[in-house]
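Student: Each chain, written out:
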Amino acid sequence: MRLAFRRWGQAADPLLFFVMVTTLFPLALSPEMSRLRDVAPGVLWVAALLSSLLAADTLLKADAQDGTLEQYVLSGQPLTLLLLVKTAAHWFLTGLPLVLVSPLVAIALGAPGSSLGTIMIALTLGTWTLSLLGAIGAALTIGVRRGSLLLSLLVLPLAMPVLIFGARSAELAIAGIDATASIYLLVSLLVMAITLAPLTAAAAVRIALD
Amino acid sequence: MTVIPPPALRAQNLHAWRGDRHVLRGVSFRVQRGEALHVFGPNGSGKTTLLRVICGLLHAEEGEVFWQGVPTTENNGEFLSTLAYLAHDTALKGDLTALENLRFSVGMKRSVADSALRAMLGELGVADCADLPCRVLSAGQRRRVSLCRVLLSQANLWVLDEPFTNLDAASTQRVSEALAAHLHTGGLAIVAAHQGLNLDGGVVTRLGLT
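Same order as they appear, the protein sequences are chains B and U. Heads up: the first sequence runs through residues 1 to 210, numbered per the working numbering. Heads up: the second sequence runs through residues 1 to 210, numbered per the working numbering.
Hints listed in this document are in silico derivations from the structure and should not be mistaken for laboratory results. Quick caveat, the model's predicted, so the values are computed rather than measured. Virtual Cβ for every residue (Gly too), placed ideally from N, Cα, C. Do not rely on the hints blindly, as some may be mistaken.
Claimed, not checked - Simulated coverage check for chain U against chain B, where a stretch passes if three residues somewhere in it have a Cβ under 8 Å from a Cβ of chain B:
#1 11 to 18
#2 81 to 89
#3 104 to 114
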């Protein structure tokens, strides 16, 4: 399922947002390494979360508007699976660039090189989960005017655990402590999201088309 | 005594509301194989609503749709596999070429070689649009590309919402011929159209909505 990769300009928005937020923090705060390092996990993850929310808005809007969404429903293929694949494709465009850029951004925030691996793994898991949660929000707000605000409100409570455990894992990694426990928790959140999010989103899509 | 075969598609006492408006009031009809149902009526009379209820995108508050004697809600998968729906929107991705769009939308139901896709585009007179992004095509060309999807779907039941909009006389003729051919091979069609339906030898039942 390869969708409009030609609209890469749209895909660049969340990435730019992420980079902007994370690089503005060192400028706004004093460049003292230790202080930056303290806030780095939080900054990194809040930026990732907000970028995901920004990106989630685009997941289904175009399809709903040009009628392709109802064709998905009518195709006889399981809608849950279609949405899972669609979210995966969406993540490649919006989440993956974030993960790839994160080492640079983390270093700018004072993270030591040794923590980068853990940070990237955690971000991969986290952004994936956030994309899936975003799909629920996107499905629930199809056709709602100014739906992106409502989407954020819906997704934020669900995203809290991801934010907490993600930031925790980054914090541990930067301090040089083993962060495996937090990573496992992120994995479990992802597994929950993979199983439940597409189902919920599919149900929401059917309601929206009604 | 001639035995009348059970109608392939039957609707019984459909009631549907759009918001507060009671749009479909006890609509019933029967369509046999090789027949077409022409739904007509002024704007807002519920033609699109009726078509969407038949497809299962909208839920009728009362009444049922039967396919081969079984309610469509019961064997939904089978019903969807023999259904092709053309909505008001063309359900085409503007950034993908006509060929790519067809490859994807037809491919959701069955795999078709590119040569067959191009041949079908040629039959409806849009062969030279195959490699152009859909957003540069005219409304009439896009409609014809969408119709290619219906023609290629090998569906028994065609549900077409205003298939002749934006088409010139020659294209309208071509589409009518394709529709007639479909009926000859035992297919059924439900067509919502403002203008009259003129099909060679095909039985056309007219259903007026107020």
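Student: Does each hint hold? Answer for all of them.
Tutor: Here's how the hints hold up against the structure:
1. With 0 residues bearing a CB less than 8 Å from a CB of chain B, the segment 11 to 18 of chain U misses the requirement of three and the coverage assertion fails.
2. A stretch counts as covered by a chain when three or more of its residues have a beta carbon under 8 Å from one of that chain; for the segment 81 to 89 of chain U and chain B the count is 6, and the coverage holds.
3. Only when three residues or more bring their CB closer than 8 Å to a CB of chain B does the claim for the segment 104 to 114 of chain U stand; here the count is 4, and the claim holds.
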